[in-house]
Each structure stands twice: as C-alpha cells, then as structure tokens.
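For reference, the chains in residue letters:
Number of protein chains: 2
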Amino acid sequence: MPAPVPDPTSVGLVAPQNVRLFTPDHPLTLARGGRLDHVEVVYETYGRLTPEKDNAVFICHALTGDAHAAGFREGSDKPGWWDNLIGPGKPVDTTKFFVICPNLLGGCQGTTGPGSVNPATGAVYGLDFPILDMADFVTVHRALTAHLGIDRLLAVVGGSLGGMQVLEWALRFPADLANAVIVAASSRLTAENIAFSAVAREAIMRDPGFRGGHYAEAGTSPDMGLSIARMMAHITYLSGEALSAKFGREPQFDGLAPGFGVDFAVESYLHHQAEVFLDRFDALSYLYLSRVMDYFDPFARPGATAAIAEVRPNVLACSFTTDWRFDATHSLRLVARLHGAGVPVTYRSIPSSQGHDSFLMPIPRYHDTIRAFLDRGLAVREGERR
Amino acid sequence: MPAPVPDPTSVGLVAPQNVRLFTPDHPLTLARGGRLDHVEVVYETYGRLTPEKDNAVFICHALTGDAHAAGFREGSDKPGWWDNLIGPGKPVDTTKFFVICPNLLGGCQGTTGPGSVNPATGAVYGLDFPILDMADFVTVHRALTAHLGIDRLLAVVGGSLGGMQVLEWALRFPADLANAVIVAASSRLTAENIAFSAVAREAIMRDPGFRGGHYAEAGTSPDMGLSIARMMAHITYLSGEALSAKFGREPQFDGLAPGFGVDFAVESYLHHQAEVFLDRFDALSYLYLSRVMDYFDPFARPGATAAIAEVRPNVLACSFTTDWRFDATHSLRLVARLHGAGVPVTYRSIPSSQGHDSFLMPIPRYHDTIRAFLDRGLAVREGERR
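Chains A and B supply the protein sequences, listed in that same order.
Everything in the first sequence is counted per our numbering, starting at 1 for the first residue and increasing by one.
Everything in the second sequence is counted per our numbering, starting at 387 for the first residue and increasing by one.
Please keep in mind that the hints were generated in silico from the structure rather than gathered at the bench.
Heads up, a few of these hints could be off.
Said to hold, decoys possible - If we take Cβ atoms under 8 Å as the criterion, some of the chain B residues that face chain A in the derived model are: (1) Ala532; (2) Ser630; (3) Phe646.
Computed from a predicted structure; not experimentally measured.
Cβ atoms here follow ideal geometry from the backbone N, Cα and C, with glycine treated the same way.
Use the sequences and the hints to build the structure in full.
Given below as structure tokens:
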C-alpha cells in the first residue's frame, strides 16, 4: 500500500503548546479591576521564526474559536478553523511567516478562563471570574509575544471578535505591529448586535442547569441554553441568501410531514450546529467573551488615536457584502477613524453571499487581498533590513 | 369636576363576544386531517352593520394578536392592538364600516386552542391539539362571517400572519370578499424565517417546564423558553435602525457597569417585552400558530389561482422598507403571482424605519393608502347598490 501523499498546502501535524504567562509574582492586572494570579495560555505555531524574529504573524480568534487555526492535531481529521488561509503557499504563507495563534483569555480550549479552577479556592471560577475587557486580551497576547522573544510582529490578523482585538492592539500599542488586518469587525456594537448577544446570554443564564455559573460543581450543564444561543447566533452569522441557497424550503426527509419535530432541512442543520457546538464550547466562556464585545468602544476613549497617529502601522480592513451582523458601516466607521488619524488604511468590501461567516471562507478576492497585503508587508520589511 | 371628554376617534368601550361555531353535530374538519368537535370563537365588533350587510371589514390578527383590535375593554386603559387604524374617522372608519376581529383558532385569548380543555378527555389538549393550517383559520373565519349573517365582506385586512390569512382566504374563496389588504406578509417563508421560528420553538419545547406540552396539568410553565422566544423574535420585528435610534448604546442606569445583568437600555427593553408577553400569551399557541406560517406555501398548490382569477377581488399589498423579516421580495412575489392571474393588485412600498412592526404603526403614508383603498371599495359598493 502506498504511503498517503502529504498535502503540500497543509501545515501538517500540529501540537498545542502551553505556557504560564502570569504568576502570583507577576499577576495579570485587568483593565476593569481585579487581577489573575495564574494565567496559562495554549497556543499553536506554524512555520519558522527567522533569526531576526521579524516574520511573525499573530492570529486573533473569534468568539468561538480556539488556538487550533491550521493543520491537524494528532488523531483528528478536522483541520484548524482557518486552515484555508494559513499554510504553505496560502495567503498567510507558512513558508514565509511564523504564525502564532493562542486561545483567548476567558476561553475554554486550554487558556485560563471562567471554567478554570481558581487556585485560591480550588473550585471552578464560574461567575467569580473577573469581567474581561478587550485590553486584557491584548495584554495576554503581548505577554505571549514577549515570551516568544518577538519585539515586533510583522502582522496581527483577526476576524470578527478577532478583528476587534487587532484594532485594540493597534490603537494601544501600535509599535508592536507593522501591519494589522481587521476583517468583518466592529469598533462599536449596535443596539441590535447587543440585543442578539443579550438574548443568547439570557438563554444560558436562565437554563436551570446553569446554577448561577456553578454548574461544574453541581454536575449539571446549561446545554439547552447554550444550544439555543448557538442556533440563534448561527442564523446571524449567515445570510438569508446563503440559507435560501443551501436549504430553501427543502424537507429533511422524504417530504414535509407537519409537526413540531425537525422537518425542514434548515431545522436539522441548526440542531446539528448546536450539537457539535456543545462538544467544543463552554457556556461561561460564551458569556465572558461575548460581553467583551458589547462594551468595546475604543474610539470613545479620550486620545484613542494618539498613539497610532504617531506610529502609523499599515491597516487592512475588509467587510463582506452580505454580512448583516457587522455590515460595512462597522468597518467603514473604524476605517474613517483610523484614516482621520493619518493611519494608512486599505478598505475592501468583498462580494460574498455567505454573510458574517465569510471571513472563514476561501473567497478568492478576499484571500488575494490578504495575500497582497501581507506580501507588501514582507517587502517593506525586506527594505527595512537593507 | 367636569366629565372626561370622550375621544371622538376611539370606538370607546368594547366587550368581547363569544360564539360556539362548531359542535359534534357540525365539527370542524381540519385541512391536515383530524377534526375538532367544539370550537368557540371570541371576537369583537366595532361600528354598525348596514341593513344590506354590505359594509363589513374583517380583521385578521398576527401571530401574537387577539380579538381586541380597537377601543378599550372595561377596566383597562390599554387600547386594542390596531386602535390607531380602526375607529371613527380612522382609515378603517367605524362610522362607515362594521368591523369584525376574532381571536384565531389555536390562539389563547378565548378562541379554542391547544390550551383549551379537550371535552373528550377533560384535560388540556397540549400537543394533542391537531396541527393547523392556514386553511383552517379561513374555515373558522368564514363560519363566523356566516354566523353574523354576512354573505360577502367589503374587505378582509391583515398584517404579517394576518396578511397570510387574507391571502389564503382570497385564493380559496375569492367571492367572499370584494377587497383584500395584505400588509407585511409572505406567501412563502424563507429558510431564514423558518430558522428563527424554529429556534423560538426549540427554546419553548426544551424548557423543562414545558413537560411535553402538559404544563397546565403539571402546574409548571415554560416561561423561560417563551421569554427567550419573544426576545429573539422581537429583535426581528424591529429594524437595526429603529433599535439604534431608540436605544443606541445608552446605559439603562447612570452609566455602564460591566457585568452580566441588565446594563444597556436595549437589554432592559427586551426584558420588559418578555415580561409583558408572558402575561398575555401561551407557549402552545406560539408553537401552533408559528408553525402554520412555516408550512404556508399557497402558490405551490396546483391551480392555486384558478378561483381568484375568475372573481378578481381588488388586492392591496404593502411592505415596509426596513422590514427584514418579510422584506419587499415577499410582498412582490405574491403581487406577481396575483397579477399573473389577472387580479387587480395595488402594491405600495412604504418608507418606514420601524421594521416589520411598521404594520402596527400610524405611518401617514401607510394609513392614507389603506384609507384610500377602502374608500374606493365603498365607492364601488355604492355603484353596485345602484
């Protein structure tokens, strides 16, 4: 039997790494008060860091993402969530870049979060975990970057909540990054955005299994609430057009059989989405991370653009034509603010039928845009080296 | 103390009426099979029927509406849900028209529904209530019309699910009505429409208090699920624009205080919407009535327009520019189908910032359109009388 042909566009087998970035001697002081004495971060890396340590691309994940952005973990045939973007020859080309992707603070895939054990009490934090802020994500990302010995990132890249982290980072510490890619993101959620997230959280918190956040000790879990939250949110991640194209009014089985069970194909799809989500995500992380998005409003800070106006990293912002969760007005607002501060910003509205989730899709014009932007960043670095 | 000045634009004090329309000797045979041996209908009327019985306007309510469309019931200062449209001098002018508005079959405000007691068992129907179809609503409406001694309605008027009833009625029994007003409705839900309704129903049915639909006997109630369903649906009834204008990112209290409680004003609003909804609506009715909408697809029936093409009642269809639940394409589809059958159809796209709920709002251009259409209907009737 011939050996399987390795996929030359995949980063191949990857393994998560783990690092303790904050300790009682060096605690994480949080933006909204409080501190964490123990913070571990799980991350993956792809490609090789140059001896000059000047080819690092930092990936910030979205609300329900994790550190596994590309390649395959041992024993799994599920590629990383941004595998179509990251790999040899791909837009984030791992033959050129050293790519870092951590699980977020407050997440549930290895990095310290509300589902972690509080070393001070020996019990799961639950709602005792401190309220997070976009700035805290950046603080932890910077600590990881420092741990890897990198002074300046060639780029920071993220979509949705990931893009919001990129924006926060670029505004607060623009000297850390030469280039920033902000995809399908927002600098300020609308009332409708907040409303959808609020209902998702209500579904979780009103689930009797939530137990005031102490479901781990109770041995229960708010599966119902998290399922409802996911199904609802999932609709908002897609477009009406995409749902119509994929499912229309098609029956799931031989024909429609009116009743209250799953009958339309789109219903079966939502059930499936909820089920796979329960296996990989935690209700407390959903609360904490989604709430950070609600409060994010960086341009409301006095002097918000003072630092970035000095350093002026290159920024690429993209939105997608059918994204109604964060439509083009969200991207255009942050573009206008950055532009007003003299930052060189490229904005692209990418035609796509896939709604907000477009940022995860291999859309040629989108991928070409990111590739060109990062390659230009590489070329500029070459110039700097000389 | 002077007596309060009566409001000359209100129909004033109204009282619900009750009639048993179907009995074991004259059961209601349902479109999808099964029958109901006992059907009571609660309705209200406003204005006076002419001796010729030719000035009746029938109002069909939406998913969460009821028979109380106008005026005030004894002891309440809450006007009917369409009080801005119906009354002396209003578009549905009760000095000219005799207006009838029943609670829907399957509803929970007096008309027989899944929360009623099944006379055969002495227990609440729950999920033993038969699956309903749009045609069943029309059957019951026609029985009520006959009970009132009316052969032909001057008009049938409805918004959203109400408009879908109007369409069904006009297609199946076009000779019953001279004019039809179909507002913010659809002849076929999209996958996205079905998806939102499916999630709402899941929230209800997964609530432990639902007890497989037997919550009445169990003494529980799926308040959590119904609240989540309502909050989510309510977002879809409004527009992002309306939510931004009304709430923006305003705090509910003195300032934002990050946490998981109600903090943004829009969150407080959603909570309030859920609370008042629990007081007036029933989870089983929500399931039954919303599911009728999912399956409604009248133009898919062979010969769907054969009857209406013969009779050709006048049809007015309206949509609202910011309605994203049933956007203009929904109205335009049914308009095109009716137009193709030779039916005289007037279509108006009404500018409004209020989303789907616009059909409940006193928008001048909308009200003027309905007024003109009904007045023309009156004028035509005058011509017929001569």
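Going through the hints against the structure:
no., hint, result
1, Ala532, "violated (27 Å)"
2, Ser630, "holds (5 Å)"
3, Phe646, "holds (6 Å)"
Hint compliance for this structure: hint 1 is the single one not met.
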